[in-house]
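Trainee: As a plain string of letters, each chain reads:
There are 2 protein chains.
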Amino acid sequence: MAKEIKELTPRSENYSQWYNDLVIKADLAENSAVRGCMVIKPYGYAIWEKIQRQLDDMFKETGHVNAYFPLFIPKSFLSKEADHVEGFAKECAVVTHYRLKNDSNGKGVVVDPEAKLEEELIVRPTSETIIWSTYKGWIQSYRDLPILVNQWANVVRWEMRTRLFLRTAEFLWQEGHTAHATREEAVEETIKMLNVYADFVEQYMALPVIKGVKTPNERFAGAVDTYCIEALMQDGKALQAGTSHFLGQNFAKAFDVQFLDKDGKRDYVWSTSWGVSTRLMGALIMSHSDDNGLVLPPKLAPYQVVIVPIYKDEESLSAINEKVTEIINDLKAIGVSVKYDNTQNKKPGWKFAEYELKGIPVRLAMGARDLENKTIEVARRDTLTKETVSIDNIAVYVKNLLNEIQQNIYQKALDHRNVKTVSVDTYDEFKEKIEDGGFILAHWDGTPETEELIKEETKATIRCIPLNGNLTPGVDMVTGMPSKQRVIFARAY
Amino acid sequence: MAKEIKELTPRSENYSQWYNDLVIKADLAENSAVRGCMVIKPYGYAIWEKIQRQLDDMFKETGHVNAYFPLFIPKSFLSKEADHVEGFAKECAVVTHYRLKNDSNGKGVVVDPEAKLEEELIVRPTSETIIWSTYKGWIQSYRDLPILVNQWANVVRWEMRTRLFLRTAEFLWQEGHTAHATREEAVEETIKMLNVYADFVEQYMALPVIKGVKTPNERFAGAVDTYCIEALMQDGKALQAGTSHFLGQNFAKAFDVQFLDKDGKRDYVWSTSWGVSTRLMGALIMSHSDDNGLVLPPKLAPYQVVIVPIYKDEESLSAINEKVTEIINDLKAIGVSVKYDNTQNKKPGWKFAEYELKGIPVRLAMGARDLENKTIEVARRDTLTKETVSIDNIAVYVKNLLNEIQQNIYQKALDHRNVKTVSVDTYDEFKEKIEDGGFILAHWDGTPETEELIKEETKATIRCIPLNGNLTPGVDMVTGMPSKQRVIFARAY
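Keeping their order, the protein sequence lines are chains A and B. Residue numbers in the first sequence follow this note's numbering, run continuously in steps of one, and reach 580 at the last position. Residue numbers in the second sequence follow this note's numbering, run continuously in steps of one, and reach 580 at the last position.
This is chain A alone, in the form it adopts within the complex (with noise of 0.2 Å):
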């Protein structure tokens, strides 16, 4: 068996490195040769263009567009709104001239002391700044409201400690930016991203969220609400899955973006952020997979059936071609992907390992006695269990299977998580319990002091106030100051 040479190492020995094991043996991404930034591979790459194309299209059917703002942002951009500087130009990649010059020792090229910018430019953290800068030329009247605009864009964060997806100093990520004539649209609109996150991770990535507001310590540098999706992995750590960010009027006052309503009152204009990124890849590779390898849901996998003949010779071969076609068709004609491997220089054993490594959801094995008898044995990459199936409406059966797939590995997730949430009402009982993982329910006094306490006690933080939460008041477990709802605290990425 080639497997060996593919195999990872196991979940409950290091979790940690079973997840980058995975990354770089699933051919998803690799380490380049610039500190901290990623090599997204043709097979991560693929799976990444589902998001985006899942994602694009539920913004543009909520009425979002496209657009494209520069990759550099003028450092006196950054320090308009105080909130923002603070979070953002601290850890960024700084480009100071414009030119190299040849090296007067003739090895290589230095950079040219003459061609330096008046201004440094930041490389983007993110946009606000470059795109209200801009709003400012399009927004006059509340005829121009509301601006509706998204963004596909890479992003840089100097980031000191990295991991392949979940954090790397360049990104890939979309942002809304959005502008409003008033404050409840803008905060509509912040609830309705939120939703459009939370419908996308629960149904296309089969990861159940919980839908919450952060704490004004965790909140996006310039808002005035950050409201999260939280998910919850594995290994029992929090993952922050998508924020979506009601900005006020901050960015408009940085930026001067006034317009005249309807009543030709001047205002400020009113507006949300909102983003997700290749982060949402790790959330996808740790939440499903097992120490064979990834688990895709159909939804996203580039592949959703492998088919694999089993042959002794060429004969057997071009039988097993000819019925494997009409097979192919049948799928193809009902929307189904399927990529079919009769490569002659692996073994079916080295194939299985492999598209099992790669997290197809399906694999299909057709050998001469299944030819004969007129079946096809069905293996299903989520339970790893395999049947004999007629072929008769195989394709049918195989669609019906990979919606069952899909639900199950939700059903999964959702039951691990159900069991790693506890509600707890002691400070003892908290660090006790927070070394298990999982999501806590605890009391909190709203206070930053006591939230700082907590995360440099227990390295726990709240992940957010939850929105559909359970809204009995209580006392902080830590201060027995009253408490209006339960917050959720984890340890997380």
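Hints should not be assumed to be uniformly reliable.
Since the list gives no way to pick out one identical chain from another, each pair is judged satisfied if it fits inside one copy or across any two copies.
[Unchecked claim] Quick list of in silico lysine-lysine cross-link-like pairs, DSSO-like style, CA-CA up to 27 Å:
1. K507 - K194
2. K507 - K438
3. K147 - K386
4. K433 - K147
5. K486 - K426
6. K203 - K188
7. K137 - K410
8. K419 - K188
9. K419 - K137
10. K223 - K399
11. K419 - K349
12. K203 - K177
13. K438 - K399
14. K188 - K177
15. K386 - K137
16. K473 - K349
17. K167 - K426
18. K203 - K419
19. K571 - K507
20. K410 - K434
21. K112 - K473
22. K147 - K426
23. K112 - K223
24. K542 - K340
25. K542 - K112
The set of hints was computed from the structure by calculation and includes no laboratory data.
Guided by the hints, dock chain B onto chain A, whose structure is given.
Mentor: Chain B in isolation, oriented as in the chain A frame:
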């Protein structure tokens, strides 16, 4: 008429100003606060998305997959290929620091001198170097070949004189980077992608191109051969619409990428790269548009049809709405994209001018009398002609008309190019004809010196040595030295 406010400088008066007016007034793009970087506005970006989607489909049909490589290139990488560094290291954005800090005077932020990078990073002007440093890890044997990878990305070249879409410091593009076991296969790939580009530009952009090979002077820095497609704009200037490079073993040698062939012999890998960019938007805008605004080929128009109701009162509008809804459903059912503009705060005349400016290929207008007579007014953007036709089968009628428009604007561009293509035999005649614009077929002795002289004296460059040109030999118009075939000269964008 609100039309005046959108009026463009006529082409005959100032072609260059007409182009700038058009890009701004049709809401395609605008200059940003960052020198040389543009903002691509939603309407412009919608056209770019159409271009991207179609090209991406064509790349995938020819066996390519997408991936993503880092934005940054270590400075030393650029120097590894001697020609490459000469071409690209000179005008580029250089990242020297990774942190800002609060200014000691309390105002804004400054570069933190402590956060200086050991090695500067260059914002990619093109990705051969970072990609070949990555391929080194991917390629050991002929079994790992070919690699057929494409990347959609932003790149930066610090241009001194910029123009929206045509030449900007940052631009969007795709860059294919392929690796092959043999020279023949790499050359074949280079030509294949040149043909993909030519098919796209001719069939989708409705713009005829000449396929050719660049002279050594005009080659991509690091290529053995650069193939290109050249188009002629309305003002008689040429525009390079795409390039496909045969890179030989240059980058494999620079990054020491060797493979074991079938016979167990080691050799350097052969490679190609090929790209088109948002510059195509410039070509698209310039090739078909007129003094009333944009003229878009139906295959790339964000909306192919706009419908405008002409009504006196609410009752009349409501009856028209009902009929138009049927027509919209019929159009969508046969794959025609349509926008219905029944907004009440703008007059039909304003809407007509607006959609003319935006280049929507077909405009339908329906009034009370049309409703009575079961007719509709059909206006073509390309010819600016109108006719009243029966609404029976209007969807099919419109679909056929869109095909006719697609062909008509291609034919118009081809006729224009044919008229503006001349053969000349003497340098005097050349100097006279070049003032009229257009392609000039002339003999050239094959030396960079003659090429340079002609460029200096006439501002004309050799656009390409055409692949399907007449192979009759002759003598160079300047030096009288022998020439194998006529080459194409023009002044160019």
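Trainee: Give a verdict on every hint.
Mentor: Hint check results:
| no. | hint | verdict |
| --- | --- | --- |
| 1 | K507 - K194 | neither (59 Å within a copy, 48 Å between copies) |
| 2 | K507 - K438 | neither (36 Å within a copy, 59 Å between copies) |
| 3 | K147 - K386 | both (19 Å within a copy, 20 Å between copies) |
| 4 | K433 - K147 | between (44 Å within a copy, 25 Å between copies) |
| 5 | K486 - K426 | within (15 Å within a copy, 35 Å between copies) |
| 6 | K203 - K188 | both (13 Å within a copy, 19 Å between copies) |
| 7 | K137 - K410 | neither (30 Å within a copy, 38 Å between copies) |
| 8 | K419 - K188 | neither (55 Å within a copy, 56 Å between copies) |
| 9 | K419 - K137 | both (17 Å within a copy, 25 Å between copies) |
| 10 | K223 - K399 | neither (71 Å within a copy, 37 Å between copies) |
| 11 | K419 - K349 | neither (53 Å within a copy, 36 Å between copies) |
| 12 | K203 - K177 | both (21 Å within a copy, 13 Å between copies) |
| 13 | K438 - K399 | within (16 Å within a copy, 70 Å between copies) |
| 14 | K188 - K177 | between (29 Å within a copy, 6 Å between copies) |
| 15 | K386 - K137 | both (8 Å within a copy, 24 Å between copies) |
| 16 | K473 - K349 | neither (65 Å within a copy, 38 Å between copies) |
| 17 | K167 - K426 | neither (52 Å within a copy, 40 Å between copies) |
| 18 | K203 - K419 | neither (57 Å within a copy, 54 Å between copies) |
| 19 | K571 - K507 | within (23 Å within a copy, 78 Å between copies) |
| 20 | K410 - K434 | within (20 Å within a copy, 62 Å between copies) |
| 21 | K112 - K473 | within (24 Å within a copy, 62 Å between copies) |
| 22 | K147 - K426 | between (30 Å within a copy, 15 Å between copies) |
| 23 | K112 - K223 | between (48 Å within a copy, 17 Å between copies) |
| 24 | K542 - K340 | neither (34 Å within a copy, 52 Å between copies) |
| 25 | K542 - K112 | neither (35 Å within a copy, 54 Å between copies) |
Checked against the numbered hints above, the structure breaks hints 1, 2, 7, 8, 10, 11, 16, 17, 18, 24 and 25 and satisfies the rest.
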